[in-house]
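4 protein chains.
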Amino acid sequence: MRRVPVLAINFKAYDTAIGRSALNIGRAAERVYKEFLGSVQVIVAPPFTELRTLAESLEIPVFAQHADPVEPGARTGSIPPEAIKEAGARGFLANHSERKLRLDEILFLTRRARALGLATLVCASEPEEAAAISVLDPDMIAVEPPELIGTGIAVSRAKPEVVTRSVSLIRKYNEKVTILTGAGISSAEDAEAAVLLGTSGVLVSSAVMKSKEPERVINSMARAMVRAIERLGPSLGSS
Amino acid sequence: MRRVPVLAINFKAYDTAIGRSALNIGRAAERVYKEFLGSVQVIVAPPFTELRTLAESLEIPVFAQHADPVEPGARTGSIPPEAIKEAGARGFLANHSERKLRLDEILFLTRRARALGLATLVCASEPEEAAAISVLDPDMIAVEPPELIGTGIAVSRAKPEVVTRSVSLIRKYNEKVTILTGAGISSAEDAEAAVLLGTSGVLVSSAVMKSKEPERVINSMARAMVRAIERLGPSLGSS
Amino acid sequence: MRRVPVLAINFKAYDTAIGRSALNIGRAAERVYKEFLGSVQVIVAPPFTELRTLAESLEIPVFAQHADPVEPGARTGSIPPEAIKEAGARGFLANHSERKLRLDEILFLTRRARALGLATLVCASEPEEAAAISVLDPDMIAVEPPELIGTGIAVSRAKPEVVTRSVSLIRKYNEKVTILTGAGISSAEDAEAAVLLGTSGVLVSSAVMKSKEPERVINSMARAMVRAIERLGPSLGSS
Amino acid sequence: MRRVPVLAINFKAYDTAIGRSALNIGRAAERVYKEFLGSVQVIVAPPFTELRTLAESLEIPVFAQHADPVEPGARTGSIPPEAIKEAGARGFLANHSERKLRLDEILFLTRRARALGLATLVCASEPEEAAAISVLDPDMIAVEPPELIGTGIAVSRAKPEVVTRSVSLIRKYNEKVTILTGAGISSAEDAEAAVLLGTSGVLVSSAVMKSKEPERVINSMARAMVRAIERLGPSLGSS
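Chains as they are written, first to last, in this note's numbering: chain H, 3 to 241; chain C, 3 to 241; chain V, 3 to 241; chain R, 3 to 241.
The set of hints was computed from the structure by calculation and includes no laboratory data. Keep in mind it's a predicted model, so treat the numbers as computed, not measured. Warning: the hint list may mix true and false statements.
A pair counts as met if it fits within one copy or between any two copies, since identical chains are not told apart.
Lysine to aspartate or glutamate pairs mimicking EDC-like chemistry, simulated, CA-CA at most 20 Å apart [said to hold, decoys possible]:
1. K178 with E130
2. K174 with E130
3. K178 with E32
4. K174 with E217
5. K212 with E84
6. K36 with E217
7. K212 with E73
8. K102 with E149
9. K36 with E73
10. K174 with E107
11. K212 with D17
12. K174 with D139
13. K102 with E61
14. K212 with E32
15. K36 with D139
Whole structure, please, built from the sequences with the hints as guidance.
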């Protein structure tokens, strides 16, 4: 059985991530998902303030960009995993390089997410960090060298060894976690390279959020990943 | 001209602050507002994930509980003031003792809020902190000794001197900022005492959020404050 | 070959940790080390402000209690590992529950320490956290359930399963890291239990720092660990 | 009576700030102090690890670069004001743009310092922040626009209006706090301008710490400030 490639879109706090534009990009992502008949998994991660609207409007999984490592209660300004679930989201990102967490907080969040039935996509800036995270057994790990984030220089093409080393290090400790490639993913070729290097897909942001044609960008990346998976053949599959 | 007393409700991250219950409490607050024909100002502050729903459903002002001191852009997991405004909120709390901020961050947020037309309610744990905050000219300051938060022991009755000292210290630096009393406010008497001590109202949380009859609690506090203002007479008014 | 048990003393910021008293406790620790002719390893960890004095005065290894995950340069108020080395220390603690670090910071520090020839003693609050840390390959890991720190209730006697589970989890990922038991270690019996449960020694603090006879406490713990190691016999050794 | 100008040297964590070099620069600063027969106040602020050595070796005041806003006790890795005092220092910097603090922490530290007889030099990044800090009544405030720190472009010459606006804003709230100019101060002219703009001196760092002739730099700045004060005449004095 072959894995379905993953295309996760981090909306960050871009102007296009708030209000009507967020919903429009969410709908574009959903159209791409439907066009490929489920042969690619598309995830959207809007800001907290748009979470419920997108979760209620879309069929594809909506993730939060972060969760606060706290229990519900007297925690002004915090969003515990329970609030994310209640808003209809299916999971959350954690430890993105723009919102790094303490190790004990990542542990709290992966554990709590499991208990609540939420998926976790934990980011790592480099292979060794990814390896340590893999021990905590999140659902997905995205390896994103922060120096490439937002540059348009894709890690999968500029530093393929970071991707392959991440995969081999992570697999020493965790056989099943889904591995994504992030940072600088801008084109169909970048997404294709991510799959050919042995990961299950990509975590993208500015390439979609700053584009005048986000749907076209999402579509071309999805198409490239589906093709790359096909090319790898039935026996291989991705990590 | 007499000031209208303020009743601000911080939903925090209580179980009752998420989902359908949040909207129900918001509607209860609105009913109280309407019953008193605008002679009391009622503000509700739900978590980020409920902000848009409440802002779209209610006429009374909805505030966020926090704002991240960042500009829109590549800031995963952050909620800039712009996202709060776009969600339809009229302002935000900042520097609550459960989410303290650096001084430069409070400055960033009060300034940005002014530029966006958002109101700010900045919390202080003690009179001296409130005095320093008053220099930054927020719209409202709530003085909340953290040791009383959630205890049901109201600062306005257990430590009235903290309230009066806050008022006199703040007024040395800022003549017009609205001053609220917070921490432990549980009853109509506590709210009344807050007004009689010279502040413009209260910031409450657990007394409402953990109550089985939140509307009754809100109603009785509103009524007590309206009466207290009347008793102070036309010439006095509150701070 | 048998391992030498480790007795690491975290001075924290107790009154007894500053000034003349810090040096006195350091000297007491050194006398114990000499009395046992090197059959126990004694480490002292004073505050930054006492680091150089103790390092220059003692032969036993002196560790810092923390290091800032930064490079030397324009970092006001920070203490990079280089400053710790220059002060004559042999290593540092990191990620203590009173000074938790982000995962990427622990990675930075373990890597930098290796490059500088400094030893690292990384703390973990529970077995899963310890396991993730073991992937980063520090020299020592101390498992300290924070709820027992400072209580006088030793983890090695109150929650022996936390210790044994830590050892077995860590050993899945790292065969050689030295494992210490921490939190609530107060007596010779607690230290003995730590060794008998399969760890290489203890990380203690209040039992020494708040004692009127710190040397007696250190001595009795050292003696108990040496005996426990002997009892385990030549073939077993500790983790 | 005329004020004595202040030349405060922040060693930061530069390579030259640790070990023998730190003491050498401290001694150079002391020689300058003595050359001007006390008509300039020279303060040195080395890292925590060098604090005691410099405090014990020098007659001029030695400050820490930071203090942790905690009481002595079980606080691994923290340096409370008490430890700074015990090391022989006379005060500490706080809220430097490289180590920003929460408002409540600045309040804790200024208050604790007063109780211990330690002086405080609190940094601010801009005039409004400085004004809020002045309400907490520290001994000195240094206004340092962070965008100029380390550039060699002196705020006193590139943005004189920031300095004069800081002085006038601070003086609305606090008549006696000593005001220093910081950020980019590199030359005797920069130091002179700081005094002529109405402040009591400068907070410098890289110009001294990265110089091959630190004593010459310190000397020329001291001389320029003494002359500027003389030029202002007996009636004027500085802020």
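Hint check:
1. In this assembly of identical chains, K178 and E130 lie within 20 Å of each other by CA distance both inside one copy and across copies; the values are 17 Å within and 18 Å between.
2. Proximity of K174 and E130 under a CA criterion of 20 Å is satisfied in both settings, with 11 Å inside one chain copy and 17 Å between copies.
3. For the homomeric pair K178 and E32, neither the shortest alpha-carbon distance inside one copy (26 Å) nor that between copies (49 Å) is at most 20 Å.
4. In this assembly of identical chains, the alpha carbons of K174 and E217 never lie at most 20 Å apart, being 37 Å within a copy and 45 Å across copies at closest.
5. Only between protomers do K212 and E84 lie at most 20 Å apart by alpha-carbon distance; the minimum there is 17 Å, versus 31 Å within a single protomer.
6. For the identical chains of this complex, K36 and E217 are intra-copy neighbours only, at 12 Å inside a copy versus 45 Å across copies, given an alpha-carbon limit of 20 Å.
7. With identical chains, the CA atoms of K212 and E73 are at most 20 Å apart between copies only, with a shortest distance of 16 Å across copies and 35 Å within one.
8. In this assembly of identical chains, the alpha carbons of K102 and E149 lie at most 20 Å apart only when taken from the same copy (15 Å versus 24 Å across copies).
9. For the homomeric pair K36 and E73, neither the shortest alpha-carbon distance inside one copy (36 Å) nor that between copies (34 Å) is at most 20 Å.
10. Proximity of K174 to E107 under the C-alpha cut-off of 20 Å is found in neither arrangement, the shortest distances being 23 Å within a copy and 22 Å between copies.
11. In this assembly of identical chains, K212 and D17 lie within 20 Å of each other by CA distance solely inside one copy; the values are 9 Å within and 36 Å between copies.
12. Taking CA atoms no more than 20 Å apart as the test, K174 paired with D139 passes in both settings, with 13 Å inside one copy and 14 Å between copies.
13. In this assembly of identical chains, the alpha carbons of K102 and E61 never lie at most 20 Å apart, being 29 Å within a copy and 37 Å across copies at closest.
14. Only within a single protomer do K212 and E32 lie at most 20 Å apart by alpha-carbon distance; the minimum there is 18 Å, versus 39 Å between protomers.
15. In this homomeric assembly, K36 and D139 never come within 20 Å of each other (Cα to Cα): the closest approach is 30 Å inside a single copy and 45 Å across copies.
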